[in-house]
Amino acid sequence: MPELPEAENIGRALSKFLPGRSVCRVEVFSPAMREPLTPLLTARLEGLTITDVRRRGRYLVCGLSDGRAFLMHFGMSGVVRVEPPGTPKRKHEHLFIHLSDGMIFKFECTRRFSLFKVCSIDRATGWPPELAGLGVEPLDAMFDGEFLWKASRRRSGCVKNFIMDNSVVVGIGNIYATETLFAAGISPERVAGALTRPECDRLVREAKRILLRSIEMGGSTISDFLNVDGSEGKFARELLIYGKRGGVCPVCGSAIKIVRLGGRSSFYCPKCQK
DNA sequence: AGAGATACCTGGGAGC
DNA sequence: TGCTCCCAGGTATCTC
Numbered sequence: 001m002p003e004l005p006e007a008e009n010i011g012r013a014l015s016k017f018l019p020g021r022s023v024c025r026v027e028v029f030s031p032a033m034r035e036p037l038t039p040l041l042t043a044r045l046e047g048l049t050i051t052d053v054r055r056r057g058r059y060l061v062c063g064l065s066d067g068r069a070f071l072m073h074f075g076m077s078g079v080v081r082v083e084p085p086g087t088p089k090r091k092h093e094h095l096f097i098h099l100s101d102g103m104i105f106k107f108e109c110t111r112r113f114s115l116f117k118v119c120s121i122d123r124a125t126g127w128p129p130e131l132a133g134l135g136v137e138p139l140d141a142m143f144d145g146e147f148l149w150k151a152s153r154r155r156s157g158c159v160k161n162f163i164m165d166n167s168v169v170v171g172i173g174n175i176y177a178t179e180t181l182f183a184a185g186i187s188p189e190r191v192a193g194a195l196t197r198p199e200c201d202r203l204v205r206e207a208k209r210i211l212l213r214s215i216e217m218g219g220s221t222i223s224d225f226l227n228v229d230g231s232e233g234k235f236a237r238e239l240l241i242y243g244k245r246g247g248v249c250p251v252c253g254s255a256i257k258i259v260r261l262g263g264r265s266s267f268y269c270p271k272c273q274k
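Okay, so the first sequence: first residue is 1 according to our numbering, each after it adds one.
Think of the hints as simulated: they come from the structure by calculation, not from any bench. Any given hint could turn out to be false.
Unchecked claim - Label-pair distances were calculated between CB atoms; the ranges are:
{"id": "1", "residue 1": "Gly126", "residue 2": "Lys274", "range": "40 to 46 Å"}
{"id": "2", "residue 1": "Glu35", "residue 2": "Glu83", "range": "21 to 27 Å"}
{"id": "3", "residue 1": "Thr125", "residue 2": "Met76", "range": "51 to 57 Å"}
Unchecked claim - Listed next, the in silico DSS-like pairs over lysine-lysine satisfying Cα-Cα at most 30 Å (straight line):
{"id": "4", "residue 1": "Lys150", "residue 2": "Lys271"}
{"id": "5", "residue 1": "Lys117", "residue 2": "Lys89"}
{"id": "6", "residue 1": "Lys257", "residue 2": "Lys244"}
{"id": "7", "residue 1": "Lys117", "residue 2": "Lys91"}
{"id": "8", "residue 1": "Lys106", "residue 2": "Lys150"}
{"id": "9", "residue 1": "Lys89", "residue 2": "Lys150"}
{"id": "10", "residue 1": "Lys106", "residue 2": "Lys16"}
{"id": "11", "residue 1": "Lys106", "residue 2": "Lys91"}
Positions of the beta carbon are idealized from the N, C-alpha and C atoms, including for glycine.
Use the sequences and the hints to build the structure in full.
Structural data, given as structure tokens:
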């Protein structure tokens, strides 16, 4: 499932391919994902050139020559492909954008949690208004131990839900939150407001390390721009605790426990994580 | 304001 | 084999 590292890699690949190409025609096959796709057909995109591709959290923003942009989010199952004409349409491909060079930009989403819409760009922020309210980028220098410590004061919820809160820090989903807490030796059930300053330092350090490692691993799976997918890449092999139902801790051998937090399964080692 | 629950959606797996 | 049920996930929205 695409999380921040996947969005980063898809964005990097698309930023080498899309800018400079123009939209010839838009084809919509399904009425809705997270929002209806039909407005794309009346958005008069034909003739507009894609100017740039930027990432914010798990969103990608593709600038257009008229000052507007495409806003994309991959939900859980979003896949982007660029293919030549004649390639058979897959079952869950909901949108084709025919480009000036004949290639077709395709958006696939099995579970329809993805977002694809045309939006404006706020002059003050340089980003779509839809993205106002997002928290800091986890790889930004602003995201440090002091930031996390201050942001967590008087927060009574558990630390796992706190670091997954997109209004605090963006792009840390269930998998990376689980792995980060394991690496930092902090129980997912700890009250966020009770974290110590050194614990916040560890959390931030491990989150950055794991995200960067995952970006690096995913990068090598994108060999060309004909198949820019959102698969998990090789990092999935390096998961130490996420999804290890019935398994044991790779550090101490204790049985891995599962607790449901915020409606999501949280794997942790009761001995290594306090 | 913050926290928790719920809905959205589909495919895959378990259990009968 | 075929049916039902549950689970996975991010985000928006609702309630308390």
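Consistency of the hints with the structure:
| no. | hint | result |
| --- | --- | --- |
| 1 | Gly126 <-> Lys274: 40 to 46 Å | holds (42 Å) |
| 2 | Glu35 <-> Glu83: 21 to 27 Å | holds (25 Å) |
| 3 | Thr125 <-> Met76: 51 to 57 Å | violated (27 Å) |
| 4 | Lys150 <-> Lys271 | holds (27 Å) |
| 5 | Lys117 <-> Lys89 | holds (21 Å) |
| 6 | Lys257 <-> Lys244 | holds (9 Å) |
| 7 | Lys117 <-> Lys91 | holds (21 Å) |
| 8 | Lys106 <-> Lys150 | violated (42 Å) |
| 9 | Lys89 <-> Lys150 | violated (50 Å) |
| 10 | Lys106 <-> Lys16 | holds (16 Å) |
| 11 | Lys106 <-> Lys91 | holds (12 Å) |
Violated hints, in rising order: 3, 8, 9; the structure is consistent with all others.
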